[in-house]
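Colleague: Sequence:
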Amino acid sequence: MATGFQSITLTVLLFALAALPLAAEPDAPARRIGVIFEGGFEKAEVTTPIRGARHTQLVACYEWDFGVRSFTQEIWESRALDWDTLLPAARAVADRIVERVEPELVRDARGVILYAILADEDPFLSSVLLSPKLLESFRDTLGDRIHVVLVDRHRLYLFPATGGHLADYGPALVEEFRRARMPVSLEVFLLDEQGYEVIGELERSASGGTVAPPLPITPPDLP
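In the numbering used here, the protein residues as written are 474 to 696.
None of these hints come from the bench; they were simulated from the model. Glycine included, C-beta positions come from ideal geometry on N, C-alpha and C. Any given hint might turn out to be false.
As the list claims (entries may be wrong) - If you anchor each label on the Cβ, the simulated ranges turn out as follows: (1) Leu578 / Ser551: 42 to 52 Å; (2) Ser551 / Gly636: 47 to 57 Å; (3) Gly668 / Arg527: 14 to 24 Å; (4) Arg618 / Arg677: 23 to 33 Å; (5) Gly584 / Arg618: 19 to 29 Å; (6) Asp593 / Pro561: 21 to 31 Å.
What the hints assert, rightly or not - Calculated lysine to any residue pairs in the SDA-like style (CA-CA distance at most 25 Å, straight line): (7) Lys516 / Thr545; (8) Lys516 / Arg504; (9) Lys606 / Thr545; (10) Lys606 / Asp665; (11) Lys516 / Arg628; (12) Lys606 / Arg524; (13) Lys516 / Ser543; (14) Lys606 / Gly673; (15) Lys516 / Ser551; (16) Lys606 / Asp593; (17) Lys516 / Lys606; (18) Lys516 / Asp595; (19) Lys516 / Leu587.
Starting from the given sequences, assemble the full structure and let the hints guide the process.
Modeller: Right, here's the structure in full:
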């Protein structure tokens, strides 16, 4: 594995981190490091909290031959990594995903856009919330404030923050979460010019789901 990050300047480091070789072979292809939004039930050693979240965590991960792995504390420290260096690299990965993945826009009978689906097998798909390009790409269709539900690591739902469409689809989203292969959480993120934060949660019930009130916990100074 590559080491010696201490001797690399910060500018060079940020470019290198986005395509870091993590395999032992000298001719191994470049691998990415970044972040994945995971459910709080997942066990991970290197995480950082998310503003307002109770059941979702941001996990530091790297690619390997069979997908992605979360960093162990040992590997994290051996590479002299910290969140100040990881997050810019993770945003670069997220930017490229936003640019590449084509969203599906769901409309009603009148042609009005109800919500959008962002689906892809990229293991870092959920990290698009870090990219400023995500809000910009949906500004004309969903508005300046967007609700996002990370039902699965490979499938995100985006709703206009106004209009109540998310509440209408709460039961269906809860059911999809229950069937998801790689579920994340039912927490509702608000995406706007300030970034992202959790503002509520789709409640599970026998009949489906509704949007719970905003969470009272909003830790300061989080990514």
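Colleague: Check whether the Cα positions of Lys606 and Asp593 lie no farther apart than 25 Å.
Modeller: holds, 17 Å
Colleague: Quick one, are Lys516 and Asp595 close enough, alpha carbons at most 25 Å?
Modeller: Holds. Lys516 to Asp595 sits at ~21 Å (cutoff 25 Å).
Colleague: Please work out if Lys516 and Leu587 have their alpha carbons no farther apart than 25 Å.
Modeller: Outside the cut-off at roughly 35 Å; violated.
Colleague: Does Lys606 sit within 25 Å of Lys516, going by the straight-line distance between their CA atoms?
Modeller: Roughly 30 Å between the alpha carbons, so the hint for Lys516 and Lys606 is violated.
Colleague: Okay, Asp593 versus Pro561 on CB: inside 21 to 31 Å?
Modeller: For Asp593 and Pro561 the Cβ distance comes to about 22 Å; the hint holds.
Colleague: Taking 25 Å as the top limit, are the C-alpha atoms of Lys516 and Ser551 close enough?
Modeller: It holds: about 20 Å lies between the C-alpha atoms, which stays within 25 Å.
Colleague: Does the structure keep Lys516 and Thr545 at a Cα separation of 25 Å or less?
Modeller: Between Lys516 and Thr545 the Cα gap is close to 11 Å, so the pair holds against 25 Å.
Colleague: Is the Cα-Cα distance between Lys516 and Arg504 25 Å or less?
Modeller: holds, 23 Å
Colleague: Starting from Lys606, check that the Cα of Asp665 is at most 25 Å away, please.
Modeller: holds, 11 Å
Colleague: Does Ser543 sit within 25 Å of Lys516, going by the straight-line distance between their CA atoms?
Modeller: holds, 9 Å
Colleague: Against the 25 Å threshold, does the CA-CA distance of Lys606 and Arg524 hold or violate the hint?
Modeller: Cα-Cα ~20 Å, so holds.
Colleague: Are the Cα atoms of Lys606 and Gly673 separated by 25 Å or less?
Modeller: Holds - the C-alpha atoms of Gly673 and Lys606 are around 24 Å apart, at most 25 Å.
Comparing the model with each earlier hint shows violations of hints 9, 17, 19; every other hint is respected.
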